[in-house]
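Peer 1: In case you want the letters, here they are:
Number of protein chains: 2
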Amino acid sequence: MKKHNFNAGPSILSQYAIEETAKGVLNLNGSGLSILEISHRSKEFSAIIEEAENLIKELLEIPQGYSVVFVHGGASMQFCMIPYNLLNKKAAFLDTGTWASKAIKEAKNFGEVVVVASSKDKTYNYIPKGWTIPSDADYFHITTNNTIYGTEITTDIDSPVPLIADASSDILSRPMDVSKYAMIYGGAQKNIGPAGIGFAIIKDEILGKANRPIPTILDYRTYTQEKSLYNTPSCGAIYTAMLNLRWLKNEGGLKEIHKRNLEKARVLYDEIERNKVFVATVNDVNDRSIMNVNFIMSENYKDKEEDFQKFASSKGMVGIKGHRSIGGFRASIYNAMPLSGVQALVDAMKEFEKAL
Amino acid sequence: MKKHNFNAGPSILSQYAIEETAKGVLNLNGSGLSILEISHRSKEFSAIIEEAENLIKELLEIPQGYSVVFVHGGASMQFCMIPYNLLNKKAAFLDTGTWASKAIKEAKNFGEVVVVASSKDKTYNYIPKGWTIPSDADYFHITTNNTIYGTEITTDIDSPVPLIADASSDILSRPMDVSKYAMIYGGAQKNIGPAGIGFAIIKDEILGKANRPIPTILDYRTYTQEKSLYNTPSCGAIYTAMLNLRWLKNEGGLKEIHKRNLEKARVLYDEIERNKVFVATVNDVNDRSIMNVNFIMSENYKDKEEDFQKFASSKGMVGIKGHRSIGGFRASIYNAMPLSGVQALVDAMKEFEKAL
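From first to last, the protein sequence lines are chains A and B. Here the working numbering is used: the first residue of the first sequence is 827, the next is one more, and so on. Here the working numbering is used: the first residue of the second sequence is 827, the next is one more, and so on.
Next up, chain A with everything else stripped away, as it sits in the complex:
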């Protein structure tokens, strides 16, 4: 049976990336060696990591003066790297969920932290409005997409101080005006590639101003100056990411994928609205994520949650169980999820409703 992979991350990748990775694991471009066995200093791997970084630059139309790097350890590593490199006195944060909270917690080890607003009061089911960014902050940090709660900030904010965005789960899902950000970063395991790498898009001029010694491996300049090759990177993960980025470009890039992502989200949210069995957890349609669609059982069907979980599994749906903090269901519909997968889930929802 065809599986429809709605995992929140690690998550669905393009079939092209999967198949070409398997070939490269056995024999990279006819070299007789595996991608897992070649030197990160080899010309073969240099070409791979350069293509990956250039594809990110090209897809996001990143302006001059920015570097694209792959770093170790995912977004959680960067929760400490960012204050290490950039927080001298004060940092401001918008608290939109678990990941924002974790970034806030790590920053507190390095300086003063101001939370401009939080949606914790309603289990983060909305994006706070009407807050002000302190003009004396070293930077302002947002989480553009909140994987667990299914909310998303889809506008590129104007900020009086350097704007830093954790875009782990919506990077490359839509065009962004990168020039409005000092830094966009995250873990790669949604729209970029598999688990095992983090990425950072950094405005070069913000670096080098920290008033503390920075361990070499946590200093972003180590990555920008050494082109992500200061030490051995996660070569296999970077290879798969490069393939996945190549696929995205071949599919038409960010404008095209954004159109498809909007359509996928529309189809799924429309069904949730229509179907009497389900209800969306995010009420404000403007705050709804187009990457992670969260829904719970409606008032009259609370006792049917497990039934739907089983029914959906029997139809090939994988990874739709909601995060334990809000329960219900979460369908992660990243770039590589085709509309047909979303349609299969919608069909299962309709069928379940009809059978009640």
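Keep in mind that the hints were calculated from the coordinates and are not lab data. Where hints are given, some of them may not hold.
[Unchecked claim] Straight-line C-alpha distance at most 25 Å; calculated BS3-like pairs for lysine-lysine:
1) Lys828(B) with Lys849(A)
2) Lys1053(B) with Lys1147(A)
3) Lys1141(A) with Lys869(B)
4) Lys948(A) with Lys1128(A)
5) Lys931(B) with Lys1035(A)
6) Lys1141(B) with Lys1180(B)
7) Lys1141(B) with Lys869(A)
8) Lys1035(A) with Lys934(B)
9) Lys1035(B) with Lys928(A)
10) Lys934(A) with Lys934(B)
11) Lys869(B) with Lys1147(A)
12) Lys1136(A) with Lys869(B)
13) Lys849(B) with Lys829(A)
14) Lys1053(A) with Lys1147(B)
15) Lys931(A) with Lys1053(B)
16) Lys869(A) with Lys1136(B)
17) Lys931(A) with Lys1035(B)
18) Lys829(A) with Lys869(B)
19) Lys1053(A) with Lys931(B)
20) Lys928(A) with Lys1053(B)
21) Lys869(A) with Lys1147(B)
22) Lys829(B) with Lys869(A)
23) Lys1035(A) with Lys928(B)
24) Lys934(A) with Lys1035(B)
25) Lys1053(A) with Lys928(B)
26) Lys829(B) with Lys849(A)
27) Lys828(A) with Lys869(B)
28) Lys828(A) with Lys849(B)
Source: prediction; values computed, not measured.
Given the coordinates of chain A, work out where chain B should sit on it, guided by the hints.
Peer 2: Chain B only, in chain A's frame:
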């Protein structure tokens, strides 16, 4: 033509690990999903990471009271994690090469550093003897195998203070008395698996004594308490590592692989001694690494280095170019390199000599 992979790292892996990884990338155990697309919280991945950690425990006969974890970023990340977690006043180091020097440099950000001895005077071509470990140090740090220089400490040192060993390039090449170490750590990309993960074998009782706040992701307790799953790990790399460890166990474990490694090293060093064209860079036979065999052109054949490089390449040898800091050649003969590969190199050396 058959390629013989002498890369220093990322390096040769068992054919079993390569082939099974390719299968798992396409379809993990018949699940219909790729190892690169499944959740790190899934029962499938839990079983994989648990098997990997247990195999390291079993192969090294690790006693009670130690944890085995996979961390982000390789040995270079741990060069700062170790002092972050363990250096309150003073740390002692044995300086046996570039990697030891890098570990020393990072530790200096956190406290006093004492270098008990260094072999820098002779481009690190020997292991210093006759030094004393200060009894008031928080720990004593060694690099068991020096990949670049081809030297190795093969005895398990008795230390009056916690002994910490960077064993990146000789872990699992021989049995070790783990009880003599407070910690054994490194990057995984030699005998454990592919690039993209670091490992640490930690005596639990040494943790939790730091007199500074530690960023969550750099705190070893985060890894020991969350069983390496605090955040998304490098799932693909851990899968390949598990397969490679399974292979090592099936081959007979550390006693058997040690026997083979000694034999491979003997065959290669014997040829270097016999062959008039080459000379070993490490004079003291007791200091010679059984993992990285370094040799240069002998006095009368200095001008033939490039010729041998080309000749060896034509015979399928890959990655034998020496590190730029010492030139010449380096054959890395990790666990997965069969005796037949070493024999092929020896044959090429003989043939090259004969043709002069």
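Peer 1: Does the structure keep Lys931(A) and Lys1053(B) at a Cα separation of 25 Å or less?
Peer 2: Cα-Cα ~21 Å, so holds.
Peer 1: For Lys1053(A) and Lys928(B), compute the direct alpha-carbon distance and say whether it is at most 25 Å.
Peer 2: holds (19 Å)
Peer 1: Is the Cα-Cα distance between Lys1035(B) and Lys928(A) 25 Å or less?
Peer 2: holds (23 Å)
Peer 1: Does the structure keep Lys829(B) and Lys849(A) at a Cα separation of 25 Å or less?
Peer 2: Distance of about 17 Å is within 25 Å: holds.
Peer 1: Hint check: Lys869(A) vs Lys1136(B), CA-CA at most 25 Å. Holds or violated?
Peer 2: holds (17 Å)
Peer 1: Given the hinted pair Lys931(B) and Lys1035(A), is their Cα-Cα distance within 25 Å?
Peer 2: holds (21 Å)
Peer 1: Given the proposed pairing of Lys829(A) with Lys869(B), does the C-alpha separation stay at or below 25 Å?
Peer 2: Satisfied, since the Cα-Cα distance of roughly 17 Å is no more than 25 Å.
Peer 1: Verify the proposed pairing of Lys1053(A) with Lys931(B), using a straight-line Cα cut of 25 Å.
Peer 2: Since the Cα atoms of Lys1053(A) and Lys931(B) sit roughly 21 Å apart, the hinted pair holds (cutoff 25 Å).
Peer 1: Tell me if the straight-line CA distance from Lys869(A) to Lys1147(B) falls inside 25 Å.
Peer 2: Holds: Lys869(A) and Lys1147(B) sit about 14 Å apart, inside 25 Å.
Peer 1: Are the Cα positions of Lys1053(B) and Lys1147(A) separated by 25 Å at most?
Peer 2: holds (23 Å)
Peer 1: Please verify whether Lys1141(B) and Lys1180(B) have alpha carbons no more than 25 Å apart.
Peer 2: Distance ~15 Å between Lys1141(B) and Lys1180(B) Cα, so the pair holds.
Peer 1: So if I understand the rule, the pair passes when the alpha-carbon distance is 25 Å or less; does Lys948(A) with Lys1128(A) pass?
Peer 2: holds (20 Å)
The earlier numbered hints are all upheld by this structure, with none contradicted.
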